[in-house]
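Q: Each chain is listed here by its residues.
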Amino acid sequence: MALLILAPLTTAALAVVIPRRGRGLAFVTAVVVGAAVTGLFRELRDHGVRIHQVGGWGAPLGIDLRVDGLALLMLCVTAGIGIAVALYATRYFASNLNLGQNRPQEPKDEATHRDYYFWPIFLFLWTALNALFLSADIFNLYVTLELLGFAAVTLVALAGGPAALSAALRYLTVSLSASLFYLLGVGLVFGQCGTVDLPSLAAQRESGPALWVALGLMTGGLITKAALFPMHFWLPPAHANAPAPVSALLSALVVKGPFYILLRLWFEAFPTLLTPAVTQGFGVLGAGAILWGSIQALRQQRLKLLVAYSTVAQLGYLFLLLPLCSNSGGGGMAWSGALMLLGAHACAKAAMFLAAGNILHVTGHDRIQGLDGFARSLPMSAFAFGLAGLSLVGLPPSGGFAGKWLLLNAALTQGQWWWVAILLIGGLLAAAYVARVLTHAFTHLDGEATVRHALPRIMEWTPLGLALLAVLLGFASDGAARLLEVGAPALAQAAKGRMEP
Amino acid sequence: MTEIDHRVYLAASAIVFVIGFYSLLVQAHVLRRIMALNVMGSGVFLFLIALGSQTPGPVPDPVPRAMVLTGIVVSVCATGLALALADRVQDTTDRCEISEANRHTASSDRKSGIEAEHSEGSAS
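Going line by line, the protein sequences match chains A and B.
Note that our numbering has the first sequence beginning at 1, numbered continuously upward.
Note that our numbering has the second sequence beginning at 1, numbered continuously upward.
It is worth saying that the hints were derived from the structure and are not from the lab.
Don't take every hint at face value.
On the chain A side, residues computed to face chain B include the following (Cβ under 10 Å) [to be verified]: (1) 147; (2) 162; (3) 168; (4) 179; (5) 181; (6) 183; (7) 184; (8) 186; (9) 191; (10) 195; (11) 208; (12) 212; (13) 216; (14) 420; (15) 423; (16) 424.
Beta carbons: idealized from backbone N, C-alpha and C, even for Gly.
So here's chain A without its partners, still in its complex pose (with noise of 0.2 Å):
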């Protein structure tokens, strides 16, 4: 289990020290941490829950780290997609590529200058992720919180260009002031509680003023690092201005974080605090990015603001989880149809952005107005983004569809109509905002191919894949709800002890 931190932290340092080799040690780092989210699997399909005490201390002293069927989930989201993100870029920051938006091209050293930061970046985030989802206190948490902004902030400041690199510093400010306030969260609940250890805190069921405002602090400062609408405004321009690999990892890996620590914190700590009008609260505010999110993605002029604010979209599905979830019936079913809806999402996402990252490679620009017909140039690019886009709009048999099948499910087992209604909506506008690209791409194909530079055979590969596992996810969706159920025993009777009281 240290294996997954410790792996992708040593190529980073490696490859800080080592630069030429970047490339070979991502790809060490791959095959490890795939084969140890293997073994993983396997230990806890046969045994359970996982606890790894690192330096053989216990949990009020020392650091636990943790692995259930949540987490386990969450790890190999990451090691799928940044295993893609990685054959991508070996190309991608490899050849001189067109990078920023109408930029001139740069001369071949600050590209070579790139490859060779990228990559021990890259690792540090798989580093922060991994222990991210590994961590079972809340400090720890904290820690990896603020490592993975770091890491992706300087993602972002990768691009170079003014655009990218005040959307970083703008990124930084907002991330930062988040962990703060999540940091004055946790010294409130171990000042309440006298530990910051998630199980022990879920053993003792305190509540009290003092609480309340610790887990308002906390979860102010993670809905700000998960963009949930109406903290998003940092999101689209610092991902639509970062290189596409990045993009990718952002969207699909990053904010999910925050994401999952708001899961543990009210789930798995405080379940008993998880009052209707908090769940209803987080459903608003979904429901609020759901629509907001795809209205603006529908009046973007720029492809990569577009997919930008299709994440705000999507992101808002994930909170609609806390009102389905936390009521009588079909709480399970929630549960395991938004985090389906987490993992299509990720895949349908970073197929979007690597596609996209394609179109403005050989086009030169995004603007929408100016793709017609880049299916005949992109053909793989094209079909990439149509089949993530079915996901997106949740069409079967795609992942998409299987995890808003099942929060349709909860919603109407449970009588709130109101949150169907908006799962529709989103998914109709989505089809609206999704359609609207793919019209520029299939119309005027008879016009002349723009083709400005040659495209690498991998980066239209990995899109595909990714996409088509997205897709593919929907067929997987039995066995994903089977692991989630039998590895997160604490998570699933916080549902299900709301279910029958």
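Chain B: place on chain A using the hints.
A: Quick look at chain B alone, frame taken from chain A:
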């Protein structure tokens, strides 16, 4: 005596934190914002230290101290990264203000609204 002391520190930490957050929202200059973040951080650390002395007996609780130490390391790194980034931004744009950063959070107090063309918002 000690009881009063630690309450004073708790109140002071809250005030420091709020001052930091307020100037983060109000100030447009990057350096001032970075300093505001540091002030916020100091508020949090003071709070944690005050919590540590809350426990009865001569020996204060070591856990909040360990947290503060970790927090200080993180905040030094954060400041370094922020300063490096700010330097790059100034090199490339000749400006040292974060454009439109507080558009959604403190629109009434914003000093400069001129960088609208850089906003990634609505119909640009």
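Q: Hint by hint, note whether the structure agrees.
A: Against the structure, the hints come out as follows:
Interface restraint check for residue 147(A): the shortest CB-CB distance to chain B comes to about 8 Å, inside 10 Å, so the restraint holds. Here the hint on residue 162(A) is kept, as its CB sits about 4 Å from the closest CB of chain B, short of 10 Å. The beta carbon of residue 168(A) is positioned within 10 Å of a beta carbon in chain B (closest approach about 6 Å), and the interface hint is therefore held. Given hint, residue 179(A) at the interface with chain B, holds; its Cβ is 8 Å from that chain's nearest Cβ, closer than 10 Å.
Hint status for residue 181(A): holds, given a least beta-carbon distance of 8 Å to chain B, under 10 Å. Because the closest C-beta pair between residue 183(A) and chain B is about 5 Å apart, less than 10 Å, the hint holds. With a cut of 10 Å, the hint placing residue 184(A) at the interface with chain B holds, because the nearest CB-to-CB distance is about 5 Å. Interface restraint check for residue 186(A): the shortest CB-CB distance to chain B comes to about 8 Å, inside 10 Å, so the restraint holds.
Annotation: residue 191(A) was flagged as interfacial toward chain B, and the flag holds, the nearest CB pair being 5 Å apart, inside 10 Å. Given hint, residue 195(A) at the interface with chain B, holds; its Cβ is 9 Å from that chain's nearest Cβ, closer than 10 Å. For residue 208(A), the shortest C-beta to C-beta distance to chain B is roughly 16 Å, which exceeds 10 Å, and the interface hint is violated. Annotation: residue 212(A) was flagged as interfacial toward chain B, and the flag is violated, the nearest CB pair being 16 Å apart, outside 10 Å.
Of the supplied interface hints, the one on residue 216(A) is violated, with its beta-carbon coming no nearer than about 14 Å to a beta-carbon of chain B, more than 10 Å. Contact between residue 420(A) and chain B, as hinted, is not supported at the beta carbon level, the nearest pair being about 29 Å apart and thus beyond 10 Å. Violation of the interface hint for residue 423(A) is found here, the shortest Cβ-Cβ separation to chain B being roughly 25 Å, above the 10 Å cut-off. With its C-beta approaching chain B no nearer than about 25 Å, residue 424(A) sits outside the 10 Å limit, and its interface hint is violated.
Going down the numbered hints, you'll see the structure goes against 11, 12, 13, 14, 15, 16, while the others check out.
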